Amino acid sequence: MSAVSEKTIHNYEIISYYTGYIIMGTAFLMVIPIVTALIFAEWNPLCDFVISMSISMLIGLGMILLGRRTRGNKVYVQWKHGFVVASLSWLLMMLLCAVPYSISGHTHSFLDCCFDVMSGFTTTGLVLTQDLDHLSNALNMWRHTITFVGGQGMVVLALTLLVKGTNGAYKFYVGEAKDIELVPNVKGTARIIWKISMVYLTVGTAALWIDGMVIGLKPVSAFLHALYMFESSWSTGGFAPMTQNIMYYHSLSYEIITMVIFVLGSFNFGLHYAIWQGNKKELVKNIETRSFFITSTAACLLVLAWFSKLHLYPDAVSNFRRVVFNIISAHTTTGLGSIYARQFALQWGGFGILIMVIVMLIGGSACSTAGGFKGLRVGVVFKGILKEVKKPLSSEHNMKVYKFHYMKEQILSDDIVRSSSLIILCYMVLFGVGTLLGTFSGYSFSDSAFEAASVCGNVGLSIGVTAPSTPVVLKVYDIIAMYMGRLEFMSVFALIGYAGGGFKKLCAKLAKR
Amino acid sequence: MRNKKTDLIGLGAETLGVMAYLAFLYLLTAVMS
Chain A
1 MSAVSEKTIH NYEIISYYTG YIIMGTAFLM VIPIVTALIF AEWNPLCDFV
51 ISMSISMLIG LGMILLGRRT RGNKVYVQWK HGFVVASLSW LLMMLLCAVP
101 YSISGHTHSF LDCCFDVMSG FTTTGLVLTQ DLDHLSNALN MWRHTITFVG
151 GQGMVVLALT LLVKGTNGAY KFYVGEAKDI ELVPNVKGTA RIIWKISMVY
201 LTVGTAALWI DGMVIGLKPV SAFLHALYMF ESSWSTGGFA PMTQNIMYYH
251 SLSYEIITMV IFVLGSFNFG LHYAIWQGNK KELVKNIETR SFFITSTAAC
301 LLVLAWFSKL HLYPDAVSNF RRVVFNIISA HTTTGLGSIY ARQFALQWGG
351 FGILIMVIVM LIGGSACSTA GGFKGLRVGV VFKGILKEVK KPLSSEHNMK
401 VYKFHYMKEQ ILSDDIVRSS SLIILCYMVL FGVGTLLGTF SGYSFSDSAF
451 EAASVCGNVG LSIGVTAPST PVVLKVYDII AMYMGRLEFM SVFALIGYAG
501 GGFKKLCAKL AKR
Chain B
1 MRNKKTDLIG LGAETLGVMA YLAFLYLLTA VMS
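Line order of the protein sequences matches chains A and B.
Following my numbering, the numbering of the first sequence begins with 1 at its first residue and continues without gaps.
Following my numbering, the numbering of the second sequence begins with 1 at its first residue and continues without gaps.
In case anyone wonders, no lab produced these hints; they're calculated from the structure.
These figures come from a predicted structure and were not determined experimentally.
Any given hint could be a false lead.
[Claimed, not checked] Once the Cα atoms are required to be at most 16 angstroms apart in a straight line, the calculated EDC-like pairs of lysine to aspartate or glutamate come out as:
| no. | chain 1 | residue 1 | chain 2 | residue 2 |
| --- | --- | --- | --- | --- |
| 1 | A | K280 | B | D7 |
| 2 | A | K285 | A | E409 |
| 3 | A | K505 | B | D7 |
Isolated chain A, as found in the complex (with noise of 0.2 angstroms):
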């Protein structure tokens, strides 16, 4: 066997063996939906998961032997492990996640199965599941499981749990999307990320409960609906157990500790780790607080401002209700609608759209559980450019270096503006196809826009153009501008490259014989 053929199937052992560990962890999970299946004597869907997770264990553990060799041997992970390992099983998950979604019956095909598993996974939140007032216990455990794992990070968690010395975790990490090291080790690091987790999991769940039964749920209805609520709030996810999303529960208290949760939820976790470390002043220091602070004030003050003039609202509380808590769920990349989807259409007018495609598009925190293209991109370039103004202005024998604060002073470099530039200007194309393919599919250019800006900044809000009867051209895209948005690029392009690669040199073997 030649070096070459030998050094490629060394590397598709790695990617195999790290990518089964997390198929199994995925399997793993559905543990949790086959539970409450038993408590809820469930049957039907229990078998379902039963089903799911024989075949997740099957192709899992394939995975593993197929790359068995990579256990034992001190195998150096490269980068590009890393990004196609991330890539990679993010795609397998959402196959082998919709199978439980598929056998229950809920849904109209497999690629709705498929939309709505990316959805969860990314915590996008829009959702092609139908009669959702009448799902089982087991399946909705299910679907909110999978946006509460894929806000913390799914394959940090399976490799940190599953696999022993991993040498390479680090670049697992970075994959997805995640690069802020709290402790030295990224096991170290995954446990801070799940322990603040699950410490607001447990305060968040027991605030909604008890306002859950306040407002006249029965209390085991209140604790899963409280449950679902804070994963969906916590997650940014924006998934709910009711049609009628947050407005099922017509309770102002109810919205106001969501609210409280998800932007707690679209914070960075270094951000919590620095407050809990006793750093207070983090959280009006840092520039993704600030630029969370300045965008979202202008953007309320913005709609408010234009809704005036509308007389839409009666009050004050209306205001706040209607306005600022789908701003704010927007901007936190959430989701959660307090109005009907073709109510934006209708009665926000052009201007109002603009802004919430706007702060969609922005997003929440780095190395959260929110999407977009992140406030700390949007500071480091408002800060690039201000640089850039002030350069020539300023005197050549005084050269100014430029900070920024995110956890610790940093010297703003063109490095650093450069790469925020590139992603975000990634994150404009992807926008721009989605408004093009949905202009193109006979809706309406702000419509296509809003519901562009909804899948490219994993929000989930929606304006009445997600739905089964969306044609399959535009669900496909969806899904991949979900997860191109979630695992910001650079994984996915990873994985092309190394597909690509592969399929150029088969062909090249091919043409040789």
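Starting from the known structure of chain A, fit chain B onto it as the hints suggest.
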């Protein structure tokens, strides 16, 4: 992360910070309505 007390203080500080921001947005809404 240091101990449960500092964790809870951190959680409380974050939650209060966000609630203060939402109260500010409500005041803004009341002024604009």
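Hint-by-hint comparison with the structure:
1. Taking the CA atoms of A/K280 and B/D7, the gap is about 12 angstroms. The hint holds against a cut of 16 angstroms.
2. Taking the CA atoms of A/K285 and A/E409, the gap is near 10 angstroms; set against the 16 angstroms cutoff, the hint holds.
3. This hinted pair does not check out: A/K505 and B/D7 have alpha carbons roughly 54 angstroms apart, beyond 16 angstroms.
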